[in-house]
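Heads up: the sequence lines are chains A and B, in that order. In the working numbering, each residue's number is its place in the first sequence (first place is 1) plus 600. In the working numbering, each residue's number is its place in the second sequence (first place is 1) plus 600.
Do not rely on the hints blindly, as some may be mistaken.
[To be verified] Derived DEER-like restraints, expressed as beta-carbon distance ranges:
{"id": "1", "chain 1": "B", "residue 1": "P889", "chain 2": "A", "residue 2": "H705", "range": "55 to 63 Å"}
{"id": "2", "chain 1": "A", "residue 1": "R721", "chain 2": "B", "residue 2": "G800", "range": "30 to 38 Å"}
{"id": "3", "chain 1": "A", "residue 1": "R744", "chain 2": "B", "residue 2": "P614", "range": "41 to 49 Å"}
{"id": "4", "chain 1": "B", "residue 1": "S862", "chain 2": "A", "residue 2": "S751", "range": "53 to 61 Å"}
{"id": "5", "chain 1": "B", "residue 1": "E682", "chain 2": "A", "residue 2": "E810", "range": "22 to 30 Å"}
{"id": "6", "chain 1": "B", "residue 1": "T897", "chain 2": "A", "residue 2": "R744", "range": "33 to 41 Å"}
{"id": "7", "chain 1": "B", "residue 1": "E682", "chain 2": "A", "residue 2": "H762", "range": "46 to 54 Å"}
{"id": "8", "chain 1": "A", "residue 1": "P881", "chain 2": "B", "residue 2": "T749", "range": "18 to 26 Å"}
{"id": "9", "chain 1": "B", "residue 1": "H705", "chain 2": "A", "residue 2": "D859", "range": "23 to 31 Å"}
{"id": "10", "chain 1": "B", "residue 1": "S630", "chain 2": "A", "residue 2": "A884", "range": "35 to 43 Å"}
{"id": "11", "chain 1": "A", "residue 1": "P809", "chain 2": "B", "residue 2": "G615", "range": "44 to 52 Å"}
{"id": "12", "chain 1": "A", "residue 1": "P746", "chain 2": "B", "residue 2": "D758", "range": "35 to 43 Å"}
{"id": "13", "chain 1": "A", "residue 1": "R735", "chain 2": "B", "residue 2": "H799", "range": "51 to 59 Å"}
[Unchecked claim] To spell it out: a stretch of chain B is covered by chain A in this simulated footprint if at least three of its residues, at any positions, have a beta carbon under 8 Å from a beta carbon of chain A; those stretches are:
{"id": "14", "region": "618-627"}
{"id": "15", "region": "673-680"}
{"id": "16", "region": "683-689"}
{"id": "17", "region": "743-753"}
{"id": "18", "region": "759-770"}
{"id": "19", "region": "788-796"}
[Unchecked claim] Just so you have them, the derived chain B footprint on chain A, three or more residues with Cβ under 8 Å:
{"id": "20", "region": "613-622"}
{"id": "21", "region": "710-721"}
{"id": "22", "region": "732-743"}
Treat the hints as calculated values from the structure; they're not laboratory data. Here the structure is a predicted model, which means the values were calculated and not measured. Just so it is clear, CB atoms sit at the ideal spot from N, CA and C, and this is done for glycine as well.
Protein chains: 2
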Amino acid sequence: MTNLSAQTILLPFPGNTVAGVALGNQLGVSPQRLELHAFPDGETLVRLPNELTGRNVLLLCSLDHLDSKLLPLLFAADAAREQGARQVGLVAPYLGYMRQDSRFHSGEAVSAHTVAAVLDRHVDFLVTVDPHLHRIHSLSELYRIPTRTVSAMPAIVDWLRHEVRQPLLIGPDRESAQWVAAAAAELDAPYLVLDKIRHGDNAVEIVMPELAGWIGHTPVLLDDILSTAQTMITAVRQLKQHGLPDPVCVAVHPILVGDALSGLLAAGAARVVSCNTIAQPSNAIDVMPLMAAAVKTLCH
Amino acid sequence: MTNLSAQTILLPFPGNTVAGVALGNQLGVSPQRLELHAFPDGETLVRLPNELTGRNVLLLCSLDHLDSKLLPLLFAADAAREQGARQVGLVAPYLGYMRQDSRFHSGEAVSAHTVAAVLDRHVDFLVTVDPHLHRIHSLSELYRIPTRTVSAMPAIVDWLRHEVRQPLLIGPDRESAQWVAAAAAELDAPYLVLDKIRHGDNAVEIVMPELAGWIGHTPVLLDDILSTAQTMITAVRQLKQHGLPDPVCVAVHPILVGDALSGLLAAGAARVVSCNTIAQPSNAIDVMPLMAAAVKTLCH
């Protein structure tokens, strides 16, 4: 472990440089520059630093918007190996395509399987934060390479303990129930889980329970992924009608499509905060210490 | 061969529907609909038609701008196999990433190898038109799956024979020499190869030879790939100063980035025509009969 810094090359992809500094600090490694050149024809040239022979190469790349990121990532992984890297690890704070984990209608591709099959063959290990495990229960069902799933829960609980008085944790849908229950137990706080009815990619309806018993508590909406945030925006709007303090919105993975962030604030959220798994203005909860600890268990 | 139409499912990707009709006509197969749904978070859901069991599935997708196309293509290939397809073939009229076929500077990824390694594992065969083979001499150096490289030459020569009187074939750089020589031999026409000096992605300089002996001939600039078309635009502009008829520009693969097409016409090209390997307004030379013949040798 003492030699980790000398043996390890940390390469953040574009969009991951802030996280790269935070992770590098935890590992005692200075992030190095990965060059991506876009040719006029739309192709990407990847160039790695020299002197990779015998080193552990860590590719830091959050896998939101993966369609356009996958190929440059594979180029970097293959190039690192060709240049003598001992290990090529992927540190992907957000692991995309985990929601298409089943064939919901005939003929549909099960994207989670394909992504795993590709990554499996090009990197030696994978470290990620709270993958969206629903029908798939563990990354080992998808991956043959060693994986570590870091739970953001300790960092979120720590943030809530310091920043929110008398929290009432609220899971916006049933998929978040287990998750919110665990955070509530850790905080010794009450929790609720809402019922969501989805009418399409952007249209949701929420069934709000009786809240009169929770006057004085600050509602904390907690979810793993904030994408369009339509569910949470609807929940914020409805919560505002119950005489509670303005809700705090917390997410692990802030994809925050389009005007999701401003939409949450406009709906009346007191704050919108997230872990730093995807670079966003909402980043307030640092999970890189937890990631670094997981990375250290895989570098040898 | 007589049962090909009953056994084969042709699935053109978006942007390949016109080519899909042309290829389908040659194969006696109606193209079917491949659904791509874009989720708000940037992920893509692929849905295939039903009843693929025991069929040959042909995925028709030109591989320009591959970064954003690869993952949906892999989803489709894997889904076809999971749904019982006997064979999943990739018909890629243009095969991208063949120009990064060597490590030109230390640390660079050799993209052609990575693309081949990925496709190799997800499709059963590959049919393409004139891949940019330069340092790599055959697709069999890259691929383990069966591949067929279709030469567009017969179609181009046929077009030139009918459309251009007294052609003087001109290769814009040395990489095109072998190619232009073969077309010239076929047409029994003279040819020249220009010297190109590249100063960057967009800046080129051309050394123009003595042309006084070719008055009355129509210059035909012939290249495999037209991307920014800077080389050909420069060549057109310089050719216009030598008293020859306005040049005709012919390409196999019309990537035609940005205003490349209008740039060629503004520089003084009489016509800009291409094979239909990438859907573009320049498409005038149909290579789908040649592709269909190659596909038939691989479907069983």
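Hint by hint, here is what the structure shows:
1. B/P889 x A/H705: 55 to 63 Å: For B/P889 and A/H705 the Cβ distance comes to about 36 Å; the hint is violated.
2. A/R721 x B/G800: 30 to 38 Å: Since A/R721 and B/G800 have Cβ atoms about 35 Å apart, the given range 30 to 38 Å holds.
3. A/R744 x B/P614: 41 to 49 Å: The hinted range 41 to 49 Å is violated for A/R744 and B/P614, with Cβ atoms some 33 Å apart.
4. B/S862 x A/S751: 53 to 61 Å: holds (55 Å)
5. B/E682 x A/E810: 22 to 30 Å: violated (46 Å)
6. B/T897 x A/R744: 33 to 41 Å: 35 Å Cβ-Cβ, so the 33 to 41 Å window holds.
7. B/E682 x A/H762: 46 to 54 Å: holds (48 Å)
8. A/P881 x B/T749: 18 to 26 Å: Since the Cβ atoms of A/P881 and B/T749 sit about 50 Å apart, the hinted range of 18 to 26 Å is violated.
9. B/H705 x A/D859: 23 to 31 Å: Roughly 42 Å apart at Cβ, these two residues miss the hinted range, so it is violated.
10. B/S630 x A/A884: 35 to 43 Å: violated (55 Å)
11. A/P809 x B/G615: 44 to 52 Å: Holds - the Cβ-Cβ distance for A/P809 and B/G615, about 48 Å, lies within 44 to 52 Å.
12. A/P746 x B/D758: 35 to 43 Å: violated (57 Å)
13. A/R735 x B/H799: 51 to 59 Å: holds (54 Å)
14. 618-627: The restraint on the region 618-627 of chain B is violated, since only 0 of its residues have a Cβ under 8 Å from chain A and three are required.
15. 673-680: holds (count 5)
16. 683-689: violated (count 1)
17. 743-753: It is violated: at least three residues are needed, and the region 743-753 of chain B offers just 0 whose Cβ sits closer than 8 Å to chain A.
18. 759-770: violated (count 0)
19. 788-796: Since 0 is below three, the answer is violated.
20. 613-622: violated (count 0)
21. 710-721: holds (count 8)
22. 732-743: The restraint on the region 732-743 of chain A is violated, since only 0 of its residues have a Cβ under 8 Å from chain B and three are required.
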